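Number of protein chains: 2
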Amino acid sequence: MYSYQRLFDFAKQVFVSMGHTEKMADTAATVLVSADMRGVDSHGIARLKGYVRLWEVKRINSKPIFQIEHETPSTAVLNADESLGLISGPEAMKIAMIKAKSVGTGWVSVKNSNHYGIAGYHAMMALDQDMIGISMTNASPLVAPTFSKERLLGTNPISVAIPAGKQPPFVADMATTTAANGKLEILQRKNEDAPLGWVQDQEGEPTTNANGVKEGGALLPLGGDREHASHKGYILGSIVDIFSAVLSGANYGPWVPPFVSFIDPVSDPVGEGLGHFFGAMRIDAFRKADEFKDHMDTWIERFRSSTPIDENNPVQIPGDYERNMEATRSKDGIPLLDPVVQDLNELADKFKLKF
Amino acid sequence: MYSYQRLFDFAKQVFVSMGHTEKMADTAATVLVSADMRGVDSHGIARLKGYVRLWEVKRINSKPIFQIEHETPSTAVLNADESLGLISGPEAMKIAMIKAKSVGTGWVSVKNSNHYGIAGYHAMMALDQDMIGISMTNASPLVAPTFSKERLLGTNPISVAIPAGKQPPFVADMATTTAANGKLEILQRKNEDAPLGWVQDQEGEPTTNANGVKEGGALLPLGGDREHASHKGYILGSIVDIFSAVLSGANYGPWVPPFVSFIDPVSDPVGEGLGHFFGAMRIDAFRKADEFKDHMDTWIERFRSSTPIDENNPVQIPGDYERNMEATRSKDGIPLLDPVVQDLNELADKFKLKF
Chain A
1 MYSYQRLFDF AKQVFVSMGH TEKMADTAAT VLVSADMRGV DSHGIARLKG
51 YVRLWEVKRI NSKPIFQIEH ETPSTAVLNA DESLGLISGP EAMKIAMIKA
101 KSVGTGWVSV KNSNHYGIAG YHAMMALDQD MIGISMTNAS PLVAPTFSKE
151 RLLGTNPISV AIPAGKQPPF VADMATTTAA NGKLEILQRK NEDAPLGWVQ
201 DQEGEPTTNA NGVKEGGALL PLGGDREHAS HKGYILGSIV DIFSAVLSGA
251 NYGPWVPPFV SFIDPVSDPV GEGLGHFFGA MRIDAFRKAD EFKDHMDTWI
301 ERFRSSTPID ENNPVQIPGD YERNMEATRS KDGIPLLDPV VQDLNELADK
351 FKLKF
Chain B
1 MYSYQRLFDF AKQVFVSMGH TEKMADTAAT VLVSADMRGV DSHGIARLKG
51 YVRLWEVKRI NSKPIFQIEH ETPSTAVLNA DESLGLISGP EAMKIAMIKA
101 KSVGTGWVSV KNSNHYGIAG YHAMMALDQD MIGISMTNAS PLVAPTFSKE
151 RLLGTNPISV AIPAGKQPPF VADMATTTAA NGKLEILQRK NEDAPLGWVQ
201 DQEGEPTTNA NGVKEGGALL PLGGDREHAS HKGYILGSIV DIFSAVLSGA
251 NYGPWVPPFV SFIDPVSDPV GEGLGHFFGA MRIDAFRKAD EFKDHMDTWI
301 ERFRSSTPID ENNPVQIPGD YERNMEATRS KDGIPLLDPV VQDLNELADK
351 FKLKF
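Protein chains in written order, with the working numbering: chain A, 1 to 355; chain B, 1 to 355.
If you're looking for bench data, these hints aren't it; they were derived computationally from the structure. Keep in mind that this is a model prediction, so the values were computed, not measured. Hints are not guaranteed to be accurate.
It does not matter which identical chain is meant; a pair holds if it fits inside one copy or across any two.
[As the list claims (entries may be wrong)] Below, computed lysine-lysine pairings styled on DSSO-like, alpha-carbon distance capped at 30 Å:
| id | residue 1 | residue 2 |
| --- | --- | --- |
| 1 | Lys288 | Lys63 |
| 2 | Lys94 | Lys293 |
| 3 | Lys166 | Lys331 |
| 4 | Lys288 | Lys101 |
| 5 | Lys94 | Lys288 |
| 6 | Lys354 | Lys63 |
| 7 | Lys58 | Lys166 |
| 8 | Lys352 | Lys293 |
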């Protein structure tokens, strides 16, 4: 078990070693390790080595100069200057919140960025300002639209964070696929099959092969098949792609750069880097914040107390799982898989750090 | 087959007979019959009799005075004064668009409203202003959250309309359930079973009974079961509920008033009427509209030309289906089921109109 502080300190030192300022490294490490704390292991410190590799092949710029390329009182497009999304994300979210303070809502589309960690971190930044936070990003193409053999979309997650009163906030953070890639990796390690509806093979046929995506197949959009409305998952992933990249001028669809250094970006990009989209809505731009939060409490309490199908499985509120993980891991520490520990030791050697 | 004009004229006369002004009746009929034209028969003129019945029991106000209860440069809450959503929806969308003209985006949450027809109509209002339109509404509780025996959410649709250049626009309009109620009604008429993943019975068990919802069961959120991420459909329906009703002060969750006159609203409402949420984002608040539309064309052309699994089933763009229906029905007219024709004849008798 590893403590939050230990992982945070190490990640921060690695980001500094890559050439980031102290402040940027702090932000990146905060976003990164928040994923480990919330139980989203696929988006936490396990990714650190991948970021370093992308930096080594000059696909991540550790000295970014952020620039607002266009703006109105409620909108902006931010050029992230090839930075890590772990850093440009919070920057863009802050701009959205400043605009929301001034005119009620703020909306920022980001181009020329890279992987931004968990979508939920950015959306949750809005909560203590009594704002609703929204965050989404496009991602490397792994998902086939309904009826398509080709992968044209990423897992394109959406996060929405909504403040409550006495109750903890409503925090949704979901990939727009049936299953995120991290869930397949768990099955691959256990040598188990995936349920039908998660993956199709390279011919576009449904498969239970947990390695189906690696073998040329694709992840399936939320819904899984046409009969279960996979076109709706395809719609959601498409909206994320368009808001994040067509609005900002980033790459979209099959042109989104891969997250791994051993696959080259396409030679005919349609934009710059990958894209994110952030929103902040001030609650009191609609009604008094206290009133709203009282009603959110009522909403949450009513849903939580719904008659369950199975008494041992009560109805959950979005964010419950991650909140429980965070409580456990604050106390017991964060477990890391052996290959991840090995990666971190290699990084320590490379940068002459102590892990 | 019935022509658009014939259905429009009749619907308008009925709305006038209910006491609406000429102008309001025109708006309501336009929104209503647009559903028939786009092939969403469940939300078209088949609903007219239901609206009249709700008006008869004084649950629809045909002389509404709309009032903005609170606003900022980019937001507003509209009190719809118990009007039909067919009328308050376009009103709210216009406010969102005026705000978008002024500060880049506009966001309007509506309370004290009723059924608003197809979500897509309202979102599409933004298109010819070079804006992205967003529309969502909560609805009578028919959907059980993941793990719940109780119905706490409506089919809570989301529509997003995005302009393109040479290509027709991207128009998504989707219920946040696996299947909309209209699809079950078709199976009921044919006496056919539903696929697993659409409906649960009153014990919360998966069922193929197409009458399962009527018999005390529930529609299932997009995903269908936990293994296929029904919690994500539950999340989406919840976000629609909260944006539409907790932000505005309408009823939410199980408190949303039923759409039918023979079921009384709950005696302990938490708000006023039902709620909608609308957004308008000016494209050129982010980047030049021409640039954006060129890239939307590229996006659409790339997705449409994706290698299909089955050559006879090419990849579709959201909005294709409805656009094709509209083309066919403009030419051939709109088919109506016998019970619908009978309803319309009864309405003609009641109001001394000619159908």
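Verification of the supplied hints:
Proximity of Lys288 and Lys63 under a CA criterion of 30 Å is satisfied inter-copy only: 28 Å between copies versus 42 Å inside one chain copy. For a Cα distance limit of 30 Å, the shortest separation of Lys94 from Lys293 qualifies both inside one copy, at 22 Å, and across copies, at 28 Å. Within a single copy, Lys166 and Lys331 get their C-alpha atoms as close as 23 Å, which meets the 30 Å cut-off; across copies the closest is 57 Å, which misses it. For a Cα distance limit of 30 Å, the shortest separation of Lys288 from Lys101 qualifies both inside one copy, at 14 Å, and across copies, at 26 Å.
Taking the shortest alpha-carbon separations for Lys94 and Lys288, both the intra-copy value of 22 Å and the inter-copy value of 24 Å come in at or below 30 Å. Proximity of Lys354 to Lys63 under the C-alpha cut-off of 30 Å is restricted to the intra-copy arrangement: shortest distance 24 Å within a copy versus 74 Å between copies. In this assembly of identical chains, Lys58 and Lys166 lie within 30 Å of each other by CA distance neither inside one copy nor across copies; the values are 47 Å within and 37 Å between. For a Cα distance limit of 30 Å, the shortest separation of Lys352 from Lys293 qualifies neither inside one copy, at 49 Å, nor across copies, at 50 Å.
Violated hints for the displayed structure, listed by number in ascending order: 7, 8.
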